[in-house]
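Trainee: Spelled out, the chains give:
2 protein chains.
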Amino acid sequence: MTPAQPPPLLLTLGEPAGIGPDCVLLAFDAQPELFNNITIAAPRLWLSERAQELGINIDIVESRSLKSLSRVGSLLCWNPLPEGVAFGNVTAGRTSASTAAAVIACIEAATHACLRGEASALVTAPIEKAVLRDSGFDFPGHTEFLARLAGRERVVMMLASSQLRVALLTTHMPLKDVATALNIEDVATSLRITHHDLKQRFGLSSPRLALCGLNPHAGEQQHFGDEEAAILTPAIQQVKHDGIDVAGPLPADTLFSPQMRKEYDAIVCCYHDQGLIPIKALSFGDAVNITLGLPFIRTSVDHGTALDRAGTGKVSYSSIMEAIKMARLMLMNSIAPEVNRAG
Amino acid sequence: MTPAQPPPLLLTLGEPAGIGPDCVLLAFDAQPELFNNITIAAPRLWLSERAQELGINIDIVESRSLKSLSRVGSLLCWNPLPEGVAFGNVTAGRTSASTAAAVIACIEAATHACLRGEASALVTAPIEKAVLRDSGFDFPGHTEFLARLAGRERVVMMLASSQLRVALLTTHMPLKDVATALNIEDVATSLRITHHDLKQRFGLSSPRLALCGLNPHAGEQQHFGDEEAAILTPAIQQVKHDGIDVAGPLPADTLFSPQMRKEYDAIVCCYHDQGLIPIKALSFGDAVNITLGLPFIRTSVDHGTALDRAGTGKVSYSSIMEAIKMARLMLMNSIAPEVNRAG
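Residue numbers (the working numbering), protein chains in the order written: chain A, 1 to 343; chain B, 1 to 343.
Any given hint might turn out to be false.
Stated by the list, open to error - Short, incomplete list of chain B residues facing chain A, as computed with Cβ under 7 Å:
#1 Phe87
#2 His172
#3 Leu214
What the hints assert, rightly or not - Okay, derived cross-link-like pairs now, BS3-like style, lysine-lysine, Cα gap no bigger than 27 Å in a straight line:
#4 B:Lys240 x B:Lys199
#5 B:Lys176 x B:Lys129
#6 B:Lys314 x A:Lys262
#7 B:Lys176 x A:Lys176
#8 B:Lys262 x A:Lys262
It should be emphasised that the hints constitute simulated quantities derived from the structure, not laboratory data. Bear in mind the structure is a predicted one, so any value in this text is a computation, not a measurement. Even glycine gets a Cβ: it sits at the ideal position worked out from N, Cα and C.
Let the sequences and hints guide you as you build the complete structure.
Mentor: Next comes the structure, spelled out in structure tokens:
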């Protein structure tokens, strides 16, 4: 590695029985130059066996040390697993409790490398939550796990495409619990994180945010709910004092119309489907999941493990490519090398 | 009127101080042939004064009887107001309690004409609910008022565009109340109404429906809410016994992606924004509001009264045109003349 070379981007495979390995292999096969300075944080075997199944002939290099890896035209694997962690016996399409510990250990090792500044960003393929839960993984998903590892109390899930950026105030919870999960402090914190990261990582000098109302027509002057008046408006007023530009709360149904969505750099949504419905309607396959509020850049695909397609070759790898491109774009636009300062 | 001429379509202006009159006048001015066999259920004055403000020169004919109206190239008004109902003094942009009774009376008269078979369909411009409420109008909106007049306990709000049709299980209520508002019987009834009207009024012989889950990822095997298992799935099973084709409950965020939405003739949504966000994101200005389950055809614009634009001429009239075209299309596709049978 030349001294000028920045630290590599790390990519984790998620569930090795899912389509994570397929997407990486197919994307590398189609566009090897996209993987310049990318290292896969996984045992080589998870990729080499799947490559054989798919009939893809790729040079895959494994090292036990992240720093020593560099070879143009090869797919680079850093195997971070301590000796003794079982990682073999992956059957495409069939999850197994035997790999759960290794899956978690790879994500952990990759995250710590980012936190130490030995990697510049993290790109993740999807995990199979049910398998990990049975092995004691006590997080609703990747995002919450990474937040814990980084010691951050609150992070923000964003989905971004060429059409739209949406940020979520709440994520994976029953719809009936959303209203009670909102409070002024947390909403204000999420608005601050979104504003901060749009400046810090997207290179926007004056980000324009809009906040969706929770209720239909943003409550229509409290005829259909009062969370707009009781929570959302006070949170907006709070962050406006810090010079953060937030419009709203605005009726969510018209906010995603073509005329309105282009007015804002990100639309902050009260709940999962309020943000994910429009971005997937407008940009399916092209949307990237981003975690804001971490001390490093993290992007992810917008699809699941698709176990039934693993090993079949019938997989779209556009989302992993978009996740990689988004991480690179964010690195390029980052106004200060936070990842190195954290090291 | 020749004997072969079907009964006219009736159009109500809604709030006369809003943009309803503007939209009608501008649309007539741009495309008078669209108004062939359309009658405006309103006093002529509400249109003629606005026409003057807008500088539009149109022949507007008023009659006190619906049946006698017919003149090519003129905008026809049927004034259904009983003598003594005040309807004057409309100022563009300024609502007034003095016109509330007349607004309600026009909608009532037009609805009764449809129920008697003297009109073939109803197209409505937006009302200003706050003004009507203050005058004792005790309905969340048009839809519920029409249902009451027609003696229907349950109707279904649909929005339709060239891209998508969405039907709603609940409409104007706080988000936190949606989960408890759902029950198996009502969901099943809404699915039946949607199926019935897609056959009856859209000419689809075997409508394909999909039902959205309420919770993120449709609850992900009850990890995020149990309404899918407790309410939505049993409702689907119930209507499947009647031969109704309904898929779901499916994760709402992916259901509106281009690949999936084209598989269905309508997507049934649990709440207002779940359906209105995607259709307005994909088809703003082109979406038409339709009430299913009434004994007559009713369409409406997808916008509000926009009081600040009334009388300015800066108004898009595409939505009223789409609402008229949709009503005509539904009339053409109706497999049995229910409106006449009701007469």
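Trainee: Taking the hints in turn, state whether each one holds.
Mentor: We went through each hint and held it up to the structure:
no. : hint                : in the structure
1   : Phe87               : 26 Å, violated
2   : His172              : 5 Å, holds
3   : Leu214              : 5 Å, holds
4   : B:Lys240 x B:Lys199 : 16 Å, holds
5   : B:Lys176 x B:Lys129 : 22 Å, holds
6   : B:Lys314 x A:Lys262 : 21 Å, holds
7   : B:Lys176 x A:Lys176 : 5 Å, holds
8   : B:Lys262 x A:Lys262 : 26 Å, holds
Going through the hint list in order, the structure does not satisfy hint 1, though it satisfies all others.
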